[in-house]
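So you can see what is in the structure, the chains are spelled out below.
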Amino acid sequence: MTKYSMYSKMIIHALLRRRSRMIVALLAIAVGATVLSGLITIYYDVPRQMGREFRSYGANLVFIPAGSSQALAEQDIDRAAGLLPRDKVIGIAPYLYERVKVNEQPIMAAGTKFQEVKKVSPYWQIRGKWPAEKSSGVVIGQEVAEFLKVEPGQSITLAAGDGTEQKVTVEGIVRTGGNEENFVFVDLPLLQKMLKKEGQISVGQVSIMATEAELAALSKNVETQVTGVSPRLVKRVTQSEGMVLGKLQALVYLVTIIILLLTLICAATTMMAVVTERRKEIGLKKALGAENRSIILEFLGEGLALGGLGGIIGTVLGFFFAQAVSINVFGRAIDFQPFIALVAFVVSITVSGVACMIPVKIATDVEPAIVLRGE
Amino acid sequence: MFWQMLIGALVRQRRRMFMIALTVALGTSLTTAMLNVMLDVGDKVNRELKAYGANITVVPKAASVLRDLYGIEANSGASAQYLAEADLGKLKTIFWAHNIVTFAPFLETKAVLGQGSDEVVLVGTWFDRSLELPTGEVAETGIKPLKSWWQVEGDWVQDNDSEGAMIGSQLAGKLGLKTGDDLDITVAGGEGKERLKIRGIVNSGSAEDDQVFVPLSVAQKAMNLAGKVGRVEVSAITTPENELARRAAHNPKSLSLKEWETWYCTAYVSAIAYQIEEAVGGSRAKPIRQVAESEGVILQKTQLLMLLITVLSLIGSALGISNLLIAGVMERSKEIGLLKALGATDAVILWQNLAEAVTTGIMGGAIGYFCGLGFAQMIGRSVFGSAVAINTMVIPLVIVLVILVILAGSIPAVRMLLSLRPAEVLHGR
Amino acid sequence: MGLLELRDISMIYGNVKALQDIQLTVRQGEWLAIMGPSGSGKTTLMNIIGCMDKATSGSIVLDGLDLSALDSKSLTAIRRDKIGLVFQQFHLIPYLTALENVMVAQYYHSLPDEQEAMAALARVGLQERARHLPSQLSGGEQQRVCIARALINYPMLILADEPTGNLDEANESIVLGIFEQLHREGHTIITVTHDPEVAELAERCIVLEHGRIADERKHKSVVREEKGA
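If you read the protein sequences in the order shown, they are chains A, Y and E. All residue numbers for the first sequence refer to our numbering, where the first residue is 43 and numbers rise by one. All residue numbers for the second sequence refer to our numbering, where the first residue is 1317 and numbers rise by one. All residue numbers for the third sequence refer to our numbering, where the first residue is 122 and numbers rise by one.
Keep in mind the hints are simulated off the structure, nothing from the lab. Hints may be right or wrong, so weigh each one.
[Claimed, not checked] BS3-like, lysine-lysine: derived pairs with alpha carbons at most 25 Å apart:
(1) A:LYS143 - Y:LYS1569
(2) E:LYS194 - A:LYS403
(3) A:LYS289 - Y:LYS1490
(4) Y:LYS1569 - A:LYS191
(5) Y:LYS1377 - A:LYS262
Quick caveat, the model's predicted, so the values are computed rather than measured.
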């Protein structure tokens, strides 16, 4: 038999034939690895997931006409939209504003695409229902509804400045507590046709997942490349988001550090206790003539084996935990991150190895006579 | 005899006792810190979300005043009515007064600048006012605390400055105006010109960049509406809405008496709005859904996230502690064998072990508790700049958890060892 | 010149003089017994001879090599290569079989050899129990495994500290029989014991008292040895 196979034999038997000790040590490492892998995954995932939640505040970027112009070309908006990263854009809602008359009363009308509005402004509360696309259904604001004394299902007639009239059906009434309650929202092409302003809009609202810095860069890009469009950050939304998100991440970071530290200390002390129990064995081996180095390598081998196994178990469990959190809190699944798994694995092995080595080093420094004598 | 043995054991085996105490301290500090942070994080994040500004708008009941949106012209509707400026102090006397962080009144009109004929929106408001309340407290109000995202080039206008004005950056850009320039204002339907000095330029990234802001008294004088206010924006700390709150928001009268009391005494945005209507005469208070809904969503998710992380940390530390205790008890197999050979019964050995574990557990637990409070404060200060509220409910929870964990850790190991025969253990098998 | 020579060996722990001015010569093939009450220093003396402890002063020469000049690492090597140890507590690694326990001694020395280890176990009559764990062996069997382990690297010197101290009568006879066999085969043996009957089996016996050699006796087995030497 070779020295290596004897070495492996000793390590394997030390682990398998001392099952209860091994399970205790393995459990300690696995718990540490689970906490490590789970929390680190959550930490890296929070900005993306929470950032997505912050989009419920609505548009964080608007496209307004450049210079002193009052109108934007729809195609300019499309070109500007093309410069934004597609997978990060939640929605782009165009708006065309014009004063119209309803029953001789002046009211503000806004032409828009309802599908996009749902995405950009998810806080709209509709009593009734959203109009179908390309129909003559409208959504009117709460204030307007009260003013005109109109209920969903009824019809009203919009009159443009030049006298053109358009009959529309009130499909829903929107409540937001904000400016929207003072408008009548019409399907964009319909309003454009009525006002003879085809292809024109007043402003474009964009909801996009991006940090303030990323937005500034995108804005600059759009500004230089699409003349006629002037992008503006909605500071109220972007700044607050940046600040609150930053604090949330700092919170998760600190909490993670503290939990990790304490868990790893726990794992290390457990390993040390399990190894300390074997001081007599170490003394015996020294009496048999083993060099310190040999003994340390044997225990290191055990520590690495335990660390490796515990690390794998913990990494997998940690990922499942992070997945459970992501699904329950955000309703979305996360992708497996090999990098984090690797880090958790490496840390487990390192902690396990070091935690084994310390008591061994201490014991091997003691003369075997003392160890064997003292029970 | 039992106590002598116990104390003797504790003193002699300092190292092992120290290890147990240390581990229990670690677990306790973690539990304490996490529980305190988890219970307070909702409040902390809520305060941070106030950065988004007002979540309640208060308007005169009968008003139907149309607003601007991103600098587009609008008309004021028929027979605009007003709220009384004097009623504003009452905002801090409602049931949920403590939750009202700040507010600002607005009185808007059209005005013409200089020689031009284009109309701009003139807004009279409070900039940064310390309001003295009937209770003697001082509340910070005005757009400076309310609109934290405003960037101002130059200076803010003082509320008693009857010649000061602030102008939006877009408007300033179009008219080529800078800080220190003069501004001639003719209010629509008002008498004559006013000459004001631009104290600062506002960059807000919204419609406000096309508006002019003056102290409320200046606008009131120009519009001949002394003591009147067009609307008030309020920023309040709220509890996320649930089914009860939504029903109440729709129609408070649809609730039973008990439900109504629960709703009124919980800081739902609809309840606070209702209470504002009670305090400010002739008003209607509406939640600004864009802010209120999103707050609720973010708060709920943050709290759920913290809860799950706390649960993980509790499980982890519980397993860690009981594991270490098991490892520690395994080390003592010889001693237990000896005791049994000397005639100790299983019960005595079990109790002795438990007593040792509990005593060290209490010491470790006490130290851990205070360390945990320290960790919680560290987190609170670093992240939110304020102390974390110490929740006394945490103490019994921590005690129960520590006891459970110690039992879970000591009992299985000791039971296993009790099954050993003394001869085996003493002769080193 | 003897295999082992101790000159003026003293061992002092703080104020306690465990050994004082010990002079001792052990010839090759000799069976020496060291006797004395507990506290007399016999275990200390054995630890020094067995290279597990270093004397405070004096010289100890084994097979011409001055052990007092060696550092810890070299002492370990000597222990490994030239000395076989048997303890009262028959220390065995609890998670390895009898066979594996013997192979561990080979492993640290050179190469583990299963066949040789089996043969060693056979010499002490334990080849049937080779695959058993220590917990499955009786006290006597465990001690015999220790003896087999002590012999596996062909040591120059066998040191046994109360080898039968923890055994019952039956097992004691078996183990002592093995030592007698080893003596006949020419091994150099030093046994530390408090039992006069065990000491009688040796050729020579020194008695320690308070760290000094108080007495020295020669036994009838000396006669046998001188004839054959």
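Tested hints:
The straight-line distance between the Cα atoms of A:LYS143 and Y:LYS1569 is roughly 36 Å, outside the 25 Å bound, and the hint therefore fails. Restraint check: the Cα-Cα separation between E:LYS194 and A:LYS403 comes to about 15 Å, which is no more than 25 Å; the hinted pair holds. A distance of roughly 37 Å separates the Cα atoms of A:LYS289 and Y:LYS1490; the hinted pair therefore is violated under the 25 Å criterion. Of the pairs offered as hints, the one joining Y:LYS1569 and A:LYS191 holds, with about 22 Å between alpha carbons and a cut-off of 25 Å not exceeded.
Pair hint Y:LYS1377 plus A:LYS262 does not hold up; C-alpha atoms about 44 Å apart against a cutoff of 25 Å.
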